[in-house]
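A.B. asks: Residue numbers (the working numbering), protein chains in the order written: chain A, 2 to 99; chain B, -15 to 515; chain C, -13 to 95.
Hints were generated in silico from the structure; no laboratory data involved. These figures come from a predicted structure and were not determined experimentally. Ideal Cβ positions, reconstructed from N, Cα and C, are used throughout, including at glycine. Careful: at least some of the hints might be erroneous.
Just some of the chain C residues that point at chain B, by a computed CB distance under 7 Å [said to hold, decoys possible]:
1) S(-12)
2) G56
3) L63
Anything over 10 Å on all C-beta distances counts as not near chain B; from chain C, calculated [what the hints assert, rightly or not]:
4) L26
5) T59
6) L69
7) P70
8) L79
9) V85
10) A90
11) A93
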Amino acid sequence: MVRAKASTAADRLAVASRVAAAAVGGYTFANVTAIFLAHVLPMRRADAVLAATLASFALYAGAVLWAFAARSPRNAWLGLLVPTAVLGLLTWAVGGNA
Amino acid sequence: MKDAFRQSMAWVHTWAGILAGTVLYFMFLTGTAGYFDTEIGYWMRPEVPPRAAEVPTAQAVALGLRRLEAQAPNAERWILYPPSGRDVPELTVFWRTLPDADGNVTSRSEVLDRVTGAPLAARATGGGETLYQMHYLLRYLPSRTAYWIVGLCTMLMLVAIVTGVITHKRIFRDFFTFRPGKGQRSWLDAHNVLSVLALPFHLMITYSGLVFFCFTYMPLIVSAAYGAGEANRQAFFDEVFRRPGSAERAGVAAPLASLADMTAEAERRWGSGQIRSIDVRHPGDANARVTFTRAHVTPTSNGDRLTFDGVSGRLLEESLAPPSGPMLVNDTLLSLHEGLFAGPVLRWLYFLSGLAGTAMVGTGLVLWTAKRRKQRGAHPGLALVERLNVGTVAGLPAAVAAYFWANRLLPTDLAARAAWEVHVLFIVWAALLAWAALRPLRRAWIEELTLAAALCALLPVLNALTTDRHLGASLPAGDWALAGFDLAMLGFGATLGAVAYRLARRTHAPEGAAAAQSDGEARGTPSAEPA
Amino acid sequence: MSALALTLAYAGFTAVCLAMERHHRQLLGRPPARRTATSLRATGFVLLGLALAACLLTYDGSVGVILWLGLLTAAGLALVFLLPYAPRLAAGLAVGGPVAAALAAWAAG
Chain A
2 MVRAKASTAA DRLAVASRVA AAAVGGYTFA NVTAIFLAHV LPMRRADAVL AATLASFALY
62 AGAVLWAFAA RSPRNAWLGL LVPTAVLGLL TWAVGGNA
Chain B
-15 MKDAFRQSMA WVHTWAGILA GTVLYFMFLT GTAGYFDTEI GYWMRPEVPP RAAEVPTAQA
45 VALGLRRLEA QAPNAERWIL YPPSGRDVPE LTVFWRTLPD ADGNVTSRSE VLDRVTGAPL
105 AARATGGGET LYQMHYLLRY LPSRTAYWIV GLCTMLMLVA IVTGVITHKR IFRDFFTFRP
165 GKGQRSWLDA HNVLSVLALP FHLMITYSGL VFFCFTYMPL IVSAAYGAGE ANRQAFFDEV
225 FRRPGSAERA GVAAPLASLA DMTAEAERRW GSGQIRSIDV RHPGDANARV TFTRAHVTPT
285 SNGDRLTFDG VSGRLLEESL APPSGPMLVN DTLLSLHEGL FAGPVLRWLY FLSGLAGTAM
345 VGTGLVLWTA KRRKQRGAHP GLALVERLNV GTVAGLPAAV AAYFWANRLL PTDLAARAAW
405 EVHVLFIVWA ALLAWAALRP LRRAWIEELT LAAALCALLP VLNALTTDRH LGASLPAGDW
465 ALAGFDLAML GFGATLGAVA YRLARRTHAP EGAAAAQSDG EARGTPSAEP A
Chain C
-13 MSALALTLAY AGFTAVCLAM ERHHRQLLGR PPARRTATSL RATGFVLLGL ALAACLLTYD
47 GSVGVILWLG LLTAAGLALV FLLPYAPRLA AGLAVGGPVA AALAAWAAG
């Protein structure tokens, strides 16, 4: 991500897109991944939910970093939405919501 | 490629830092004070005599129970805190009444004399405990709003820490680097050193801070597994914390079983002096429950609880199960954050690390504006942040000192006295923000730092003028909890004063490397530094 | 024992610090020879390890490690802020500190 001295509207849009990807996309990614983990971790349900919740903040932080490290805002979104969708489907397949 | 990555991480670091910086500074300052919350509270209640000799827990419990039975016989909840070290220095009781005819509920807490059981008379004050609670409850906001603001800022802090480490190009080579007197470079060095040298603490305090309210911040994970709604949520809490499900009030009267017997059983299992609190739900009802919580002696004894049936006195087995792996991680993180297990040496180290964190945020805020001014010159947004910085980085310490001044100066019979002490803190902070907006920037820094220094350094003098619990009495008596406060204030005053003085001396010298040469501060670095 | 651990941590950090060219110059006006740098760094890490041992003798298990990390912070901050203003004092404390603490511990019991 290159910062120009005077940012154009396009630059600002790109940044806004990444911020949205980080904040909203990241939160979604962290939650869906954690919900998936809560399903597959080999421990009793309450402990799995706890473990997944504890991990969720690290997942969120990682997603935020990805959103800004990705080569383009498009990649930022895709890199979060695709795993989210895949894990979401897997969760539904493995047993879905209680 | 590596460079673009670092650059983008640097961008995230600076923006996460500046957005959350003011709130984080407030959180760090009040949270760090929290490591000595009861000691501060002790200083703020000079009427309370120096801590009496130890009494057997059974005696403290009996006195507390007697007070509760007299003051709140028809209560929904009682909590007793027997004296246990610096964490709970005095016998304390708390009660919450049942709703009255209009549905109103009253809560009261009292500190009792551990020998007579009578309430200890002291000026109404929030003490150090209120200062500490503000670091996650803020003030003048509904608690849920505060949790969300605090949570958002803590999340930004976590991002700032990780991006900071990624961005720091020479984290090992610059491990010990601090070059004073070189303007922006010095601020960056200081920021780096304060961050890296306490990095384990900063990472732990931030992540564990999120864990405290993790089910508020990430409720969907629980809902997905247990179903939506409050009942399902409580079912999850009962399961994960191994709580024998909380029973509703039966509405049938039944006498409470012997608290003394339960206390004896708890002490038999945990050892003496290990009870932190005794929580009685629905006393006098058929569904009464009594939960004992263990004092924080090690980082992992955080979750130890014993729950008794309140009528039969029988220990409910569920509360005896050993913690699972995730539960152990959870309890340990929370324990590390609070540091209740820490003895005196470790407590001072916690305090030092917290101060480093506070200074880390402060130097970061200053660095942000210094860099921006250099790169882009003056503009209104920058001016606003510069003024906010002065009013916070220098103004907030002054405001906290003013809180202590208010404690000594406000009349003891003032209505809502405890609330007014806190109002003074925020009034002074607001006034200093306004002052920063009106004065030339550099003068504002010097003036506010000097004020903060004076308010701190003169506090022990004010103490001597308004009470007899001053250094002249506390030092010979070896009352280190009390003397420590006054001495620490002298220390803070001296430090803030030194910074103000150095800033004032360099008012006429230009910023940058040229100043370093003429300053004579660079005598430790005889040869030119490689860039 | 905590005092001894603190002085050992400080000494360890000082040794590691002096192994670096910039700080060696700060104190002695010239960069260190390759072998000097290596031995200083090794000595430093050994001292930091001894500090950890002292902490584990004071408190067992996790609390000992927590104490060590806290002392490292204190020692590091002390060294970093002393070095630019009084480099010889900073270095002298690294030698004098452990000696004084050891003597004090021996005298106490």
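A.B. asks: Taking the shortest Cβ-to-Cβ distance between L69 (chain C) and chain B, state whether it exceeds 10 Å.
C.D. replies: violated (7 Å)
A.B. asks: Taking the closest Cβ pair, is L63 (chain C) under 7 Å from chain B?
C.D. replies: holds (6 Å)
A.B. asks: Evaluate the condition: distance from the CB of T59 (chain C) to the nearest CB of chain B exceeds 10 Å.
C.D. replies: For T59 (chain C), whose nearest Cβ neighbour in chain B is about 5 Å away, the distance does not exceed 10 Å, so it is violated.
A.B. asks: Confirm or reject: V85 (chain C) is not an interface residue toward chain B, with every Cβ-Cβ distance exceeding 10 Å.
C.D. replies: holds (21 Å)
A.B. asks: The output says A93 (chain C) does not contact chain B. Does that hold with a beta carbon cutoff of 10 Å?
C.D. replies: Check passes; 19 Å lies beyond 10 Å.
A.B. asks: Report holds if the minimum CB distance from L79 (chain C) to chain B is greater than 10 Å, and violated otherwise.
C.D. replies: holds (14 Å)
A.B. asks: Could you check if S(-12) (chain C) really has its C-beta closer than 7 Å to a C-beta on chain B?
C.D. replies: This hint holds: S(-12) (chain C) lies near chain B, its Cβ roughly 5 Å from the closest one there, short of 7 Å.
A.B. asks: Verify that the Cβ of A90 (chain C) lies farther than 10 Å from every Cβ atom of chain B, and report whether the claim holds or is violated.
C.D. replies: holds (15 Å)
A.B. asks: Decide, holds or violated, for the assertion that all CB atoms of chain B are farther than 10 Å from the CB of L26 (chain C).
C.D. replies: The claim holds: L26 (chain C) sits with its nearest Cβ about 13 Å from chain B, beyond 10 Å.
A.B. asks: Would the hint on G56 (chain C) stand, with a C-beta cut-off of 7 Å toward chain B?
C.D. replies: Cβ of G56 (chain C) sits 3 Å from chain B, so the hint holds.
A.B. asks: Would the non-interface assignment of P70 (chain C) survive a Cβ cutoff of 10 Å against chain B?
C.D. replies: Since the minimum Cβ distance to chain B is about 5 Å, P70 (chain C) lies within 10 Å and the statement is violated.
Comparing the model with each earlier hint shows violations of hints 5, 6, 7; every other hint is respected.
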